[in-house]
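Asker: One letter stands for each residue in the lines below.
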Amino acid sequence: GENVEQHPSTLSVQEGDSAVIKCTYSDSASNYFPWYKQELGKRPQLIIDIRSNVGEKKDQRIAVTLNKTAKHFSLHITETQPEDSAVYFCAATPPKIIFGSGTRLSIRP
Amino acid sequence: EAGVTQSPTHLIKTRGQQATLRCSPISGHTSVYWYQQALGLGLQFLLWYDEGEERNRGNFPPRFSGRQFPNYSSELNVNALELEDSALYLCASNDPGRVLASGRAHTGELFFGEGSRLTVL
Chain X
1 GENVEQHPST
11 LSVQEGDSAV
21 IKCTYSDSAS
31 NYFPWYKQEL
41 GKRPQLIIDI
51 RSNVGEKKDQ
61 RIAVTLNKTA
71 KHFSLHITET
81 QPEDSAVYFC
91 AATPPKIIFG
101 SGTRLSIRP
Chain V
1 EAGVTQSPTH
11 LIKTRGQQAT
21 LRCSPISGHT
31 SVYWYQQALG
41 LGLQFLLWYD
51 EGEERNRGNF
61 PPRFSGRQFP
71 NYSSELNVNA
81 LELEDSALYL
91 CASNDPGRVL
101 ASGRAHTGEL
111 FFGEGSRLTV
121 L
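So the sequences go chain by chain: X and V.
For the first sequence, this note's numbering begins at 1 and goes up steadily by one.
For the second sequence, this note's numbering begins at 1 and goes up steadily by one.
Take a look, some chain X residues computed to stay more than 10 Å from chain V by CB distance:
{"hint": "1", "residue": "17"}
{"hint": "2", "residue": "18"}
{"hint": "3", "residue": "39"}
{"hint": "4", "residue": "56"}
{"hint": "5", "residue": "60"}
{"hint": "6", "residue": "84"}
Here are the simulated lysine to aspartate or glutamate pairs, EDC-like style, with alpha carbons at most 16 Å apart:
{"hint": "7", "chain 1": "X", "residue 1": "96", "chain 2": "V", "residue 2": "95"}
{"hint": "8", "chain 1": "X", "residue 1": "68", "chain 2": "X", "residue 2": "49"}
{"hint": "9", "chain 1": "X", "residue 1": "42", "chain 2": "V", "residue 2": "114"}
{"hint": "10", "chain 1": "X", "residue 1": "96", "chain 2": "V", "residue 2": "53"}
To be clear, the hints were calculated from the coordinates, so they are not data collected in a lab.
All figures in this text were calculated on a predicted structure; none of them were measured in a lab.
In this text, a Cβ means the ideal position worked out from N, Cα and C, and glycines have one as well.
The task is simple: from the sequences and hints, build the whole structure.
Answerer: This is the structure:
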């Protein structure tokens, strides 16, 4: 999509608690919504994605939900662990792959 | 299988000079994307190439340009460097997938390179 907004920009949660990151997009043509995780000093890597014909997708402790009518999608991480600390980016496509501004997630021991 | 490779890893230039960054996609991937990541900030979309053609560009001035070669590798050129061009430049490739009547469907995982860190003094 042409514009992707992501909130919050920073998030601190207690280890074991859940974390939720939300994104909204503007281009109604978008039909693929990936989430990337970037650990400090490393390249972004895909952690989960969802297509527009699905409302929710889960992969172990990670889930993504999509509301096409409202044009928003969310990342849910349950039972957070120290290794979840990273910057998370949402994205929407097509036509081009536009990323949200990122969320820095910190897990407190 | 080799991943996305970028060169150089680091590059130091002075204001007004030109920088050239290179990217080799994963074998079989025809699409290459370029992103700029300033320190602590997000991934700003620069350019997208597919099958040798520029498909789209982000909100960057014309002094940011590039090309894609027949082997699908790509080059990003930044002319008349400014201090604010200092950033990590990330290249990513993907397999565009099925060809639809309206054009290629750009879905699928992006594979990123390690990036080229450009410092402008």
